[in-house]
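> Taken in sequence, the protein lines are chains A and B.
Number 166 in the numbering used here belongs to position 165 of the first sequence; there are no gaps in the numbering.
Number 176 in the numbering used here belongs to position 175 of the second sequence; there are no gaps in the numbering.
Don't take each hint at face value.
[Stated by the list, open to error] Over 12 Å on every C-beta distance to chain A, these chain B residues come out as not near it, computed from the model:
(1) ILE39
(2) ALA54
(3) GLN65
(4) ILE81
(5) PRO113
(6) GLU177
(7) ASP204
(8) GLY327
(9) CYS412
(10) LYS434
[What the hints assert, rightly or not] A few chain B residues facing chain A, derived, Cβ under 10 Å:
(11) PRO24
(12) VAL125
(13) PHE313
(14) GLU355
(15) LEU377
(16) ASP401
(17) GLU404
(18) ARG421
(19) ALA438
(20) ALA440
None of these hints come from the bench; they were simulated from the model.
In this text, all values refer to a predicted model and were calculated from it rather than measured experimentally.
Where a beta carbon is used, it is the ideal one built from N, C-alpha and C, also for glycine.
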Amino acid sequence: MDQMLTVSSSPHLHGGERTHNLMLDVLVALTPTLLLSSYLFGYRALLVAAVSVGSAVLFEYLYRKLMKKENTIADLSAAVTGLLLAFNLPVNIPLWIPVVGSFFAVVVVKQLFGGLGCNFVNPALAARVFLFSWSVHLTTFARPALDFTQYLGADAVTSATPLASLKAGALPSESLFSMLMGARGGCMGETAALLLLAGGLFLLIRGTITWQIPVSFLGTVAVLSLLFPAAGSPVEYMLYELLSGGLILGAFFMATDYVTSPVTGKGKLLFGLGCGLLTVFIRRFGGYPEGVSFSILIMNLLVWFIDKATLPRRFGKGGKRSV
Amino acid sequence: MRFHGGIHPDYHKGATSGKKVEPLPPPELLYVPVSQHIGAPAEPLVAPGDKVALGQLIAKSEAQLTARIHAPVSGTVREIAPHPHPSGRRVQTIVIENDGLDTVNDEVRPCPKRPEDLTFDELVALARDAGIVGMGGAGFPAHIKLASARGKIDTLLINGAECEPYLTADHRLMLEAPESILFGADLLRRCFEMERVQICVEDNKPDAVAALQAHLADFPGAEVIALPSKYPQGSEKHIIKAVTGREVPSGALPADARCAVFNVDTCASLTRAFRKGLPVHKRIVTVSGGAVAQPKNLLCRIGTPFSELVAFCGGEQGPVGKVLMGGPMMGACQFDLAAPVIKTTSGLLLLPEEKPRPETHCIRCGRCVRACPMGLAPLHLKRSLDCGELDGAVRLGLRDCIECGCCAYVCPASLDLVARFRVGKQQAVRQQKEREAAASAEK
Numbered sequence: 002m003d004q005m006l007t008v009s010s011s012p013h014l015h016g017g018e019r020t021h022n023l024m025l026d027v028l029v030a031l032t033p034t035l036l037l038s039s040y041l042f043g044y045r046a047l048l049v050a051a052v053s054v055g056s057a058v059l060f061e062y063l064y065r066k067l068m069k070k071e072n073t074i075a076d077l078s079a080a081v082t083g084l085l086l087a088f089n090l091p092v093n094i095p096l097w098i099p100v101v102g103s104f105f106a107v108v109v110v111k112q113l114f115g116g117l118g119c120n121f122v123n124p125a126l127a128a129r130v131f132l133f134s135w136s137v138h139l140t141t142f143a144r145p146a147l148d149f150t151q152y153l154g155a156d157a158v159t160s161a162t163p164l165a166s167l168k169a170g171a172l173p174s175e176s177l178f179s180m181l182m183g184a185r186g187g188c189m190g191e192t193a194a195l196l197l198l199a200g201g202l203f204l205l206i207r208g209t210i211t212w213q214i215p216v217s218f219l220g221t222v223a224v225l226s227l228l229f230p231a232a233g234s235p236v237e238y239m240l241y242e243l244l245s246g247g248l249i250l251g252a253f254f255m256a257t258d259y260v261t262s263p264v265t266g267k268g269k270l271l272f273g274l275g276c277g278l279l280t281v282f283i284r285r286f287g288g289y290p291e292g293v294s295f296s297i298l299i300m301n302l303l304v305w306f307i308d309k310a311t312l313p314r315r316f317g318k319g320g321k322r323s324v
Numbered sequence: 002m003r004f005h006g007g008i009h010p011d012y013h014k015g016a017t018s019g020k021k022v023e024p025l026p027p028p029e030l031l032y033v034p035v036s037q038h039i040g041a042p043a044e045p046l047v048a049p050g051d052k053v054a055l056g057q058l059i060a061k062s063e064a065q066l067t068a069r070i071h072a073p074v075s076g077t078v079r080e081i082a083p084h085p086h087p088s089g090r091r092v093q094t095i096v097i098e099n100d101g102l103d104t105v106n107d108e109v110r111p112c113p114k115r116p117e118d119l120t121f122d123e124l125v126a127l128a129r130d131a132g133i134v135g136m137g138g139a140g141f142p143a144h145i146k147l148a149s150a151r152g153k154i155d156t157l158l159i160n161g162a163e164c165e166p167y168l169t170a171d172h173r174l175m176l177e178a179p180e181s182i183l184f185g186a187d188l189l190r191r192c193f194e195m196e197r198v199q200i201c202v203e204d205n206k207p208d209a210v211a212a213l214q215a216h217l218a219d220f221p222g223a224e225v226i227a228l229p230s231k232y233p234q235g236s237e238k239h240i241i242k243a244v245t246g247r248e249v250p251s252g253a254l255p256a257d258a259r260c261a262v263f264n265v266d267t268c269a270s271l272t273r274a275f276r277k278g279l280p281v282h283k284r285i286v287t288v289s290g291g292a293v294a295q296p297k298n299l300l301c302r303i304g305t306p307f308s309e310l311v312a313f314c315g316g317e318q319g320p321v322g323k324v325l326m327g328g329p330m331m332g333a334c335q336f337d338l339a340a341p342v343i344k345t346t347s348g349l350l351l352l353p354e355e356k357p358r359p360e361t362h363c364i365r366c367g368r369c370v371r372a373c374p375m376g377l378a379p380l381h382l383k384r385s386l387d388c389g390e391l392d393g394a395v396r397l398g399l400r401d402c403i404e405c406g407c408c409a410y411v412c413p414a415s416l417d418l419v420a421r422f423r424v425g426k427q428q429a430v431r432q433q434k435e436r437e438a439a440a441s442a443e444k
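Model the full structure from these sequences, guided by the hints.
Here it is as structure tokens:
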């Protein structure tokens, strides 16, 4: 054997998982919802998504180039951030808004702290909150241009968003079926609860995310709504709370962001619990009808502490040496 | 009972698990290193020009923790000099010119006692005189393990898990010499005065379980357990956990969990020493890995250069990326195939060339935490070490790391976690020694 051999540390086998595969899973899981949005709201939904994803990737590319760092757009994390940001915006938003949002998410929240893995809050959510500076644009929701539930005989007259109704202490005018199918006003990613659930399930089955955060987040909201309904029957009220706003998107796609959530199962349960408590608290008592973004961002800030408090149980801990 | 964490890698055992062990003809020159075990190197008892016989003691040490070395063939000592060693270092090596006669040393004779009359001290002496070490790959001298476990254990386990991918040396031994394993296990059981000894095999080797079970009638104290296949089932700590539910305390020995674990090949070596008086002078080596033409299980003399094994298996097939001694999860890379088979060589793997997998940034996905069988948080350990916080890493359990490689196997960022932890552990040991030295200097 006259060739040179590679010498490296063990292990010499790798399971094959790569960061960009995980990010790709998230993009795939979000695609059905994006398609439904463009069906419901027209091509503009695709346009907003394209501008948001495109600018996020471009800003990441430019920043890394300018800072003479290796380029990281291939890890697809910027694309995920861009798409999630688009899902947090209404369809009729002026197109400069997603561009500003992407800049804030990718450059300010992520790259200035060192890039993927170093940011301490979810970039897309932080950008969304930053964009509240132009709150008129963010809270003017389009009604679905096309409402296929009409053909199914469902009631589809939309006025305020379902969350605004809940906030006012009344059940929304939409039926629960419409809520599930996406025929309601709201952000792109707030509409099609069923497809978001399917996407979340896909991620769970693929092992891309684990069950703890979505279950404890949604479970906490469900239990609290069931115990303290503000309108209608407890079960009905609970279902409306679960299907309204960005809760499903938040619980499966935003709160589960690896970088900004705890690493242990116990920590994830606590994190989801905190997100759920804060969401209900803000929805009920806050000045703004939706609390999912804020609750996740606040819990993001506690991740370091939660990680520290929920270290896994070490093998052989507590035992005594006898020799 | 199961242990937390672990992984299910592709086992790749099919290439050799059905192949009978073939004897590899001993080469003309054998390179017998004086260090093939954990502990002090042995000191040569022979000089260049001396005639040696097969099984003759050629190196020993008076140190506490050490193992004896014997001549694997008969012939003449040609030189004693540093030579490439599987550890990557150059180690003092006794080079023996094989005379091809395999003349057995006069002192090699069966144990005169009946197995039921063997005392514990005699068993310890038997293991010591035969140079038996942990044959699973750890290389801990068996006589020291025996002595340290004496009177402290209530569970005796025989490790036939062989959880490393590719390796089938123990598997073949269980299929081809089950009686010899059970006999050795029974010797251990008698000497420890235990009622039973449990032979633990992963359930992906049902034929090995059956082969052992077929002989159980002759060994009423023995029992075969099929454990779920999961890496690192064969780790001493985890096999104890899986069978008894007990955890060996951090930094302690199996005896602290009232257990002793011996490898199946260690048992077979005890049998050989008892029945024939033969010390460890050969062992089964799995030659496999995807870049070798004919994967085989070979019975090799200790001291046979790796190049001989590769040649006997038809040479390389396709471009070779790495050559490993041991399994792909914990094995060590070889850069010089002049290095020889030693007592702990369970496998020689030729892995095909692979695209390099560059490290990217940790994304905190938590896969390493779920995979770590020691309950550590590898990402936190890495972070501490990257920040130069050695004490912080030690507090997080750095020294508990068994370097099994599960964390690196699952890491989507391809981080070289084990390499960092290995270096960190060495630094921690050095730092502790320095602090102890400084503390004693102050007194």
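> Are the hints correct? Go through all of them and say.
So, going through the hints one by one against the coordinates:
no. : hint   : verdict
1   : ILE39  : 17 Å, holds
2   : ALA54  : 33 Å, holds
3   : GLN65  : 14 Å, holds
4   : ILE81  : 27 Å, holds
5   : PRO113 : 34 Å, holds
6   : GLU177 : 27 Å, holds
7   : ASP204 : 21 Å, holds
8   : GLY327 : 8 Å, violated
9   : CYS412 : 8 Å, violated
10  : LYS434 : 19 Å, holds
11  : PRO24  : 23 Å, violated
12  : VAL125 : 17 Å, violated
13  : PHE313 : 14 Å, violated
14  : GLU355 : 8 Å, holds
15  : LEU377 : 7 Å, holds
16  : ASP401 : 6 Å, holds
17  : GLU404 : 7 Å, holds
18  : ARG421 : 9 Å, holds
19  : ALA438 : 23 Å, violated
20  : ALA440 : 21 Å, violated
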